[in-house]
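As given, the protein sequences belong to chains F, G and U, one line each in that order.
The numbering of the first sequence is my numbering, which starts it at 1 and goes up by one.
The numbering of the second sequence is my numbering, which starts it at 1 and goes up by one.
The numbering of the third sequence is my numbering, which starts it at 1 and goes up by one.
Honestly, the hints are just simulated from the structure, not real lab data.
Keep in mind that the hints are not guaranteed to be accurate.
A partial selection of chain G residues facing chain U, derived with a Cβ cut-off under 8 Å [what the hints assert, rightly or not]:
| hint | residue |
| --- | --- |
| 1 | Val125 |
| 2 | Phe129 |
| 3 | Ala130 |
| 4 | Val138 |
| 5 | Glu141 |
| 6 | Ile145 |
| 7 | Glu202 |
| 8 | Ile205 |
| 9 | Ile258 |
| 10 | Ile302 |
Idealized CB from N, CA, C, for every residue including glycine.
Next come the chains, spelled out residue by residue.
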Amino acid sequence: MKKYMTAILLIVAIFTTVPLAAQETLKIGALVTISGAGASWGQNMLRAAEMAAEDVNSKGGLKVGDTAYKVEIIPYDDGYKSNEAVTAANRLVFEDKVKYIVGTVGSAPILAIQPITEKNGVITLTLGFTSKALMPEKPFTFRPNLTTGEISQPQIDWIVKSQGLKTVGALFPNDETGQQIAKDVAKAYKKAGAVMTTEFFGRDRVDFIPLLTKLLAAGVDAIELDGNSPVTAGQIVQQARDVGFEGIIIRTGGPATQDIINVAGKAAAEGLFVHSGIDLAIPGVAAYQARYEKTYNAKMNGFSPYFFDGVNMLFKAMQIAGTVEDSAAVRDALAEIKDYPGVLGTLNWTGKEKYGIAHQIDAPFYVARVKDGEEVIVARCNVNVCK
Amino acid sequence: MTIAHSSSSRPESLPPWVRRGLPALALAAIILTPFATGGKFHFHIAIMVCLGAMAASGLTVIAWVGQLSLAHGAFVGLGAYTSTLIVMRLGAPFFVGPLAAAVLVGVTAAAIGTPLLRLRGVYFVLITFALNELFRLVMLEIPSISGGSSGIPNIPPASFGSLILSSKSDFYVLALICLAGVMLTLWLIHRGLIGQRFAAIEENIALAEASGIPTARMQALAFIIGSSIAGFTGALMAHYIGFISPETFGFQLSVAYIVMLVVGGRLALCGALTGAIFLTPLPELLRGAVEYQHIFYGIALIVVLQFLPEGLVSLPTRLTNIGRSK
Amino acid sequence: MGFLISQSLVNGIILGTLYLLMSIGFTLVFGIMRVVNFAHGEFYMLGAFAAFFMVTLFQLPYVVALGLSFGGAIFLGAVIERIVFRPFRGDELSGMIASIGLAMILQNLALIAFSPDPMAMPSLASGAFRFGFLIVPKSRLLALGASAGILSLFYLFLMYTRTGRALRALVQDQEIAAAYGVRIELMYPLGFGLGVGLAAIAGAMMAPLFGVSPFIGETPLLKAFIVVILGGLGSIPGAVLASLLLGLIESFTSTFVSASAADIVVFALVVVVLLIRPSGLLGQEDA
Chain F
1 MKKYMTAILL IVAIFTTVPL AAQETLKIGA LVTISGAGAS WGQNMLRAAE
51 MAAEDVNSKG GLKVGDTAYK VEIIPYDDGY KSNEAVTAAN RLVFEDKVKY
101 IVGTVGSAPI LAIQPITEKN GVITLTLGFT SKALMPEKPF TFRPNLTTGE
151 ISQPQIDWIV KSQGLKTVGA LFPNDETGQQ IAKDVAKAYK KAGAVMTTEF
201 FGRDRVDFIP LLTKLLAAGV DAIELDGNSP VTAGQIVQQA RDVGFEGIII
251 RTGGPATQDI INVAGKAAAE GLFVHSGIDL AIPGVAAYQA RYEKTYNAKM
301 NGFSPYFFDG VNMLFKAMQI AGTVEDSAAV RDALAEIKDY PGVLGTLNWT
351 GKEKYGIAHQ IDAPFYVARV KDGEEVIVAR CNVNVCK
Chain G
1 MTIAHSSSSR PESLPPWVRR GLPALALAAI ILTPFATGGK FHFHIAIMVC
51 LGAMAASGLT VIAWVGQLSL AHGAFVGLGA YTSTLIVMRL GAPFFVGPLA
101 AAVLVGVTAA AIGTPLLRLR GVYFVLITFA LNELFRLVML EIPSISGGSS
151 GIPNIPPASF GSLILSSKSD FYVLALICLA GVMLTLWLIH RGLIGQRFAA
201 IEENIALAEA SGIPTARMQA LAFIIGSSIA GFTGALMAHY IGFISPETFG
251 FQLSVAYIVM LVVGGRLALC GALTGAIFLT PLPELLRGAV EYQHIFYGIA
301 LIVVLQFLPE GLVSLPTRLT NIGRSK
Chain U
1 MGFLISQSLV NGIILGTLYL LMSIGFTLVF GIMRVVNFAH GEFYMLGAFA
51 AFFMVTLFQL PYVVALGLSF GGAIFLGAVI ERIVFRPFRG DELSGMIASI
101 GLAMILQNLA LIAFSPDPMA MPSLASGAFR FGFLIVPKSR LLALGASAGI
151 LSLFYLFLMY TRTGRALRAL VQDQEIAAAY GVRIELMYPL GFGLGVGLAA
201 IAGAMMAPLF GVSPFIGETP LLKAFIVVIL GGLGSIPGAV LASLLLGLIE
251 SFTSTFVSAS AADIVVFALV VVVLLIRPSG LLGQEDA
């Protein structure tokens, strides 16, 4: 008798609980650079998305309306190449049928895939620094991280003033990202009262001594490293110190400190001025960094928390809009989020003046100085000023 | 295609209609697959196969005179940029683009071909390699024309008057027609006098020269035809993908065409097509495992070179031969 | 201005010597086997990884790491010659295509094994020596000295040992060499092994300077191509001349014009040389 009772109870239990736990899958594409230059940024973006997905999945799924969605991240590697990004985008949009993509890392790749994603109403969260990525004609693209456009002026103002810089030599790769950053940074230095000379070089160059010789001869006060991939930046720092450059080295943007230290060594990297999005005094971001390092057994790159927050904002937008299918509704909900409490701090969208559409994240950031292999915050900033 | 053995003296071999018909049927099935499944991504793969086959077929023509070009990617790129600029900057209608591309690339090949083709074998490979790199570097340096490293986005899709081929299934039809055109061109060359002369040069250039064939002119002709096909393909590629940049047309692309050619069959009429069919969809089977895919290409290349030097197209003949010799 | 010129000269000579070490193996392989080895750069890369792991993981002294990389590469090269290249002896084009396949295999194996992230090998020396107003980074001087040492040893080997002479004979004329009793079956694997061994030791040596990742092979391959085209495929004195020339051109053009100009000038020069004098500055006239 008891056996039958438990069986009946079990069957009843199954039939009553199953409808409540209707599980569907929400597919989110991750079109990032996993190999080659920019791989560390791409991997960090991917892992941020995975951790955000893990958070909601461990609680039974992302609850949107009556349905709990299991979030599945589908990764593709674009190798920082535009044509591979296009192939991957084709696959994500038409075969995997995703409506949301985390990516791309590079500027040229995002411009290449936007014709596909915008036309098919796919929301993209891109890291690409180019100002052409955000415009009113591309309403489905969002940028959850800060770019040189946002951070350079306040940071450079502060550094020029506090260090009394008059001349700066800059080394940039001559690709879309490098050229965009060169424009932004040169403008910022000029406005701050310093003169910047630029040397462009081919992406795969490893020997910078002739260029550094040129800068040494010109007697620059500081060398600007922004826009270079982390390892290239490290090599430039190492070679600059080898060649006897004793001035200040600055990296206005693009988190790369750990890689620079790995390549150039602690001694060469000492005193480096860098941009940081992270204040470890804020518990949220410290916890995120600890979690990242524990889960992946690797050091976290500064872009990762931006995308963790970005993906979570996307989830929130879906919940507000009450749908995961209608990407236009989600897009509108996402754009309307204000004062979002992310791990980095309070986040808002900005950019209406600069890009014509407010899809650029506004987050607090900092100027840090490298002391004994660690970043130490020396100034706090918002898009207007650093103190 | 491989030379058919007379079947009357060997009763156990397959009748010609099977030998010809079976591959044709297989080909037709492959061609029609995307229409059957309707999947947009399948159309994409099919289009990429067509474009790859077309470009690699151009390489075949050059291989017919015994030369291996590592500049093919650059010629594809030159055609792509030509068509893009003519259509976007000069406002020409689409159909002018690929034709202008073919012509411009052909003229370029004619101009540089003569001094280039004096080099044989390895030296020719090296100079075409250098040219490929030079093309990429120069394109990066003239952003006002080429868009520099960010490339040129938003290239208008193929269109004929009011008929805009913006969907993949529509473009596939165009791609098939163009591929058929290229294959027809190759077939006409192959069975004609020119093809015979090419073959003579490929076999033994000194002998060919001695027997009165104008080898230099023939080689230049092959180079021009092959490169024009590449340029034409590049133009189509540009209008299909909608985006081009100098990085797309570098050494890796040239190598990809060589892999297709060698694995499919270096001198065979359908070698390039076979290579393209087998190699282009591979990324889909080995999704996400890009490195394994490249290792597979490398191994395939070495294995084919060692054991199947005439490429995959010779496989059926080889197998029937093995069967027969038992 | 005086500083710039003399410093560029110094930079150019140092760079040239490094390029020579990168390319000498390539020209040797072509000279002996008539194979354009597209996988040359991958052996450089493997040498760099080997040195990296030996020094950082196994705490071996650097010199030991160099020696082991060299020896390991010779062995690997000999094995690969037998498996991959032997069927193509006499068929230059096929051998070359096979080497393209080999390059793809090696690079992607490295990608799978080591991940694409570049790793930093600690520099043996940092800072610079100053001679008057000339600056010579210590790490580079070290590399320069070691390269000069290796190249000298190699030169002595080629000139004064029996095997070395046999290899040179093969480079000069294969048929006659065979007629004189040079054992091809032994010399080919040895020659190839030596060629890629030199690439590996170059990689091991420059790992602290230029970093370690599966992609670092592309640059040495490119430089090797340029050096052997300019200097002559198979000519070792030609390689010496051409590497120095290349180093100086790059150094001066980068410093006085721009880095991208340097790249274009070099490639344009390559094209011109191939058109006017395909056998290079000091190369053998090809049949």
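Results for each hint:
| no. | hint | verdict |
| --- | --- | --- |
| 1 | Val125 | holds (7 Å) |
| 2 | Phe129 | holds (7 Å) |
| 3 | Ala130 | holds (5 Å) |
| 4 | Val138 | holds (7 Å) |
| 5 | Glu141 | holds (6 Å) |
| 6 | Ile145 | violated (15 Å) |
| 7 | Glu202 | violated (11 Å) |
| 8 | Ile205 | violated (12 Å) |
| 9 | Ile258 | holds (7 Å) |
| 10 | Ile302 | holds (4 Å) |
Hints 6, 7 and 8 from the earlier list are contradicted by this structure; the remaining hints agree with it.
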